[in-house]
Amino acid sequence: MASSSSSGLTFKLHPLVIVNISDHYTRVKSQMNHSSSATTTNDDNNNGAQPRVYGCVIGIQRGRTVEIFNSFELLYDPSTHSLDRAFLEKKQELYKKVFPHFYILGWYSTGSDAQESDMHIHKALMDINESPVYVLLNPSINPAQKDLPVTIFESELHVIEGIPQLIFVRSSYTIETVEAERISVDHVAHLKPSDGGSAATQLAAHLTGIHSAIKMLNSRIRVLHHYLVAMQKGEIPCENSLLRQVSSLLRRLPAIESEKFQDDFLMVSLFSSFLNIFTIFYH
Amino acid sequence: MDIEQRQAELIDHFVKQASNQKGAALGSVIVEATSQPSLFAFSEILAVPNIAEFEGTENSKYLDMLRLFAHGTWSDYKNNAGHLPQLVPDQVLKLKQLTVLTLAETNKVLPYDELMEELDVTNVRELEDFLINECMYTGIVRGKLDQLRRCFEVQFAAGRDLRPGQLGSMIQTLSNWLTTSDNLLISIQEKIKWADSMNEMDKKHRKDLEEKVEEAKKSLSHKVC
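Chains as they are written, first to last, in full-length UniProt numbering: chain A, 1 to 283; chain B, 1 to 225.
Just so you know, not all the hints are guaranteed correct.
[As the list claims (entries may be wrong)] Calculated pairs, EDC-like style, for lysine to aspartate or glutamate (alpha carbon to alpha carbon, straight line, at most 16 Å): (1) K22(B) <-> E32(B); (2) K215(A) <-> D182(B); (3) K215(A) <-> E190(B).
Hints were generated in silico from the structure; no laboratory data involved. As the structure is a computational prediction, the values presented were derived from the model and not from experiment.
This is chain A alone, in the form it adopts within the complex (with noise of 0.2 Å):
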């Protein structure tokens, strides 16, 4: 069902999409989990543990770059298998307002991979964009995994078994970004638990994070030191530029006297901990 495409368009999919489906998943799931526990039978059309959600993606598409900015939740009818119209319309209206120049460039859901009963709501899109785009957010958290678990498929008329088709072919994209939105998405990524936990669940955190950057910078100077040794050995032909720049990284380094800079470090960040707690105390 899935080549990849040959259509040339190039996909610019922004963070705040990623994190709109992802937050409106979330919801549903937790909702799901919520009411279940209190009513024993549930016949929506969740299937299973893994909720559907679906929505539209807009954005502006220009030439051959369609680059999609935002995106709003829709509801689905199980029993048409479509989308609700009315709905989209009037969320369509009211963003065309705020945002004269965004588009509906398409729709999302989430799964695993594409099915065959979304090709039903793909070309019911179709009348609004005569290509649309269907972004796949895959919900399982896979930690060997090192890319995002985002897919773009657009949609092709192929031949199979002598009938023109319509399928989905997978497209690649690129994560486009502005400052703005840089520092939003990172704000709502570092979310800390706000009912103020107590002073260790907030270091803790403040610490994991602290101890995944230095980890990061650990392997990098570790990459640094082998490709040095192997220099020295001869194994590699020495390249002065890259050696001129490791010495001049390397004349920066007595940041801070290391001894003292361990418990001061650490004392600092007990006490920046205190002090959010404080304030979330006081206010």
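Given the structure of chain A, go ahead and fit chain B onto it with the hints provided.
The following block gives chain B in isolation, referenced to the frame of chain A:
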């Protein structure tokens, strides 16, 4: 890092020129390379075989001059002035810039007095002008001038060509850095565990306290009845 990019073209250009010339013409290539205002790296040119042939011949002073620019300072030049060819003003300027880089290798805070002595400059104003115009604007050095304490704090200095023995000490510094950061990671992990266990203990304590309060309430209500 962008200094390296800017230099890369010049280095290629001079290496090509050096490989094509011989003898006295090669000497003038060396002089041209060392007067070039944006070029601070000479080990590639030093590595060209034609230049290595200069060793021991009458042109060996050009080789020595190139070595001076690769690893030496202004004071080295003054001490050896007899053996080296006369330097044109551009070269004098470059050698002084390279001297600042060498001084920045050992200390992050350079006192004005030391700088003035190394660079043969008599007053602070001239020193500061030199540092600002020739070193900071060219981008080989970044730092803060502290006039009250009469020192120059270096935050970044471009790398000079490596002496043969320096690679070993760089590797040593890197492995020290690695061990320090490994230790730091371990102590952070311990602190995280400590914070979590403190949290657990606190919750347990609270629960125990509440249970005791409940019991006390019950026993009181029983006594009343």
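Against the structure, the hints come out as follows:
{"no.": "1", "hint": "K22(B) <-> E32(B)", "in the structure": "holds, 15 Å"}
{"no.": "2", "hint": "K215(A) <-> D182(B)", "in the structure": "holds, 8 Å"}
{"no.": "3", "hint": "K215(A) <-> E190(B)", "in the structure": "holds, 15 Å"}
Checked against the numbered hints given earlier, this structure breaks none of them.
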